[in-house]
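*Asks:* This is what each chain is made of:
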Amino acid sequence: EAQVTQNPRYLITVTGKKLTVTCSQNMNHEYMSWYRQDPGLGLRQIYYSMNVEVTDKGDVPEGYKVSRKEKRNFPLILESPSPNQTSLYFCASSFGSTPYEQYFGPGTRLTVT
Amino acid sequence: AQTVTQSQPEMSVQEAETVTLSCTYDTSENNYYLFWYKQPPSRQMILVIRQEAYKQQNATENRFSVNFQKAAKSFSLKISDSQLGDTAMYFCAFQPSQGAQKLVFGQGTRLTINP
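Protein chains in written order, with the working numbering: chain Z, 1 to 113; chain R, 1 to 115.
Bear in mind the hints are in silico, worked out from the structure with no lab data behind them.
Keep in mind that the hints are not guaranteed to be accurate.
[What the hints assert, rightly or not] List of simulated lysine to any residue pairs, SDA-like, C-alpha gap at most 25 angstroms: (1) R:Lys70 <-> Z:Leu41; (2) R:Lys70 <-> Z:Glu101; (3) Z:Lys65 <-> Z:Phe95; (4) R:Lys78 <-> R:Asp26; (5) Z:Lys71 <-> Z:Glu53; (6) Z:Lys71 <-> R:Gln44; (7) R:Lys78 <-> R:Pro9; (8) Z:Lys57 <-> R:Asp26; (9) Z:Lys57 <-> R:Thr3; (10) Z:Lys18 <-> Z:Phe95; (11) Z:Lys71 <-> R:Pro96; (12) Z:Lys69 <-> Z:Leu41; (13) Z:Lys57 <-> R:Gln107.
Construct all of the structure, not just a fragment, from the sequences and the given hints.
*Replies:* The following block contains the structure:
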């Protein structure tokens, strides 16, 4: 089954404790992105990757890091999480540039206390 | 920078009624794509419908249709014969035809279908 998986689905952590949210797709997609969803703001792009070893900032990259060492994986790293990073996070992938459909993962609910 | 605005934070209708969700956007580009995504309580993002800006004909998908007004930069979603399963958050999204693979989302409209 074609899908985007994220782990963990839920995470509660404390300020400053480094964490990684994994994202993996099995569709051989070139493009992958991370978004965060906050009430009243919709979804906003954090980082994106157009291929292996090619990443760039989205609209809200502060406090996040990413890497793309393999085509299928695109982890999101929070090296020193803060409470304002409490959010719902989505990974998405697509075959290429528009108009290919973006496939979203199931989401990761992160709470930073 | 492109922006997308959904001016209706919440809407509520009775089952079987027709409902229209509003979306406006701002861009200086001529070619782009517009989407409506549905997010049910499961949180999964589900593509409902897509419209290419170069197409004058409005997109339709079964009970879902759009009213795309390019000059007015308006992209509303009409749901006909609404069903309880349509209850969800709906997001309007914009994507440029060139450059970064990025969706710009509106704030969302929470739609409730009442029995």
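*Asks:* None of the hints should be skipped; say for each whether it holds.
*Replies:* Verification of the supplied hints:
Of the pairs offered as hints, the one joining Lys70 (chain R) and Leu41 (chain Z) holds, with about 24 angstroms between alpha carbons and a cut-off of 25 angstroms not exceeded. Taken as a hint, the Lys70 (chain R) and Glu101 (chain Z) pair is honoured in the structure, with Cα atoms around 21 angstroms apart against an allowance of 25 angstroms. Note on Lys65 (chain Z) and Phe95 (chain Z): the hinted pairing holds, with a Cα-Cα distance of about 23 angstroms set against a maximum of 25 angstroms. At most 25 angstroms may separate the alpha-carbon atoms for a hinted pair to count; Lys78 (chain R) and Asp26 (chain R) meet this at roughly 21 angstroms.
Simply put, Lys71 (chain Z) and Glu53 (chain Z) have alpha-carbon atoms about 9 angstroms apart, close enough for the 25 angstroms limit, and the pair holds. For a cut-off of 25 angstroms, the pair hint linking Lys71 (chain Z) to Gln44 (chain R) stands: about 23 angstroms separates their Cα positions. The hinted pair formed by Lys78 (chain R) and Pro9 (chain R) meets the criterion: a straight-line CA distance of about 16 angstroms does not exceed 25 angstroms. A hinted pair counts as satisfied when its Cα atoms are at most 25 angstroms apart, and Lys57 (chain Z) with Asp26 (chain R) qualifies at roughly 22 angstroms.
Between Lys57 (chain Z) and Thr3 (chain R), the direct Cα distance comes to roughly 18 angstroms. Compliance with the 25 angstroms bound is thereby established for this hinted pair. Using a Cα cut-off of 25 angstroms, the hinted pair Lys18 (chain Z) and Phe95 (chain Z) is violated, with the two alpha carbons roughly 31 angstroms apart. Annotation: proposed proximity of Lys71 (chain Z) to Pro96 (chain R) holds, straight-line Cα distance about 24 angstroms (limit 25 angstroms). For the proposed pair Lys69 (chain Z) and Leu41 (chain Z), the alpha carbon gap of about 31 angstroms is over 25 angstroms, so the pair is violated.
This hinted pair checks out: Lys57 (chain Z) and Gln107 (chain R) have alpha carbons roughly 21 angstroms apart, not beyond 25 angstroms.
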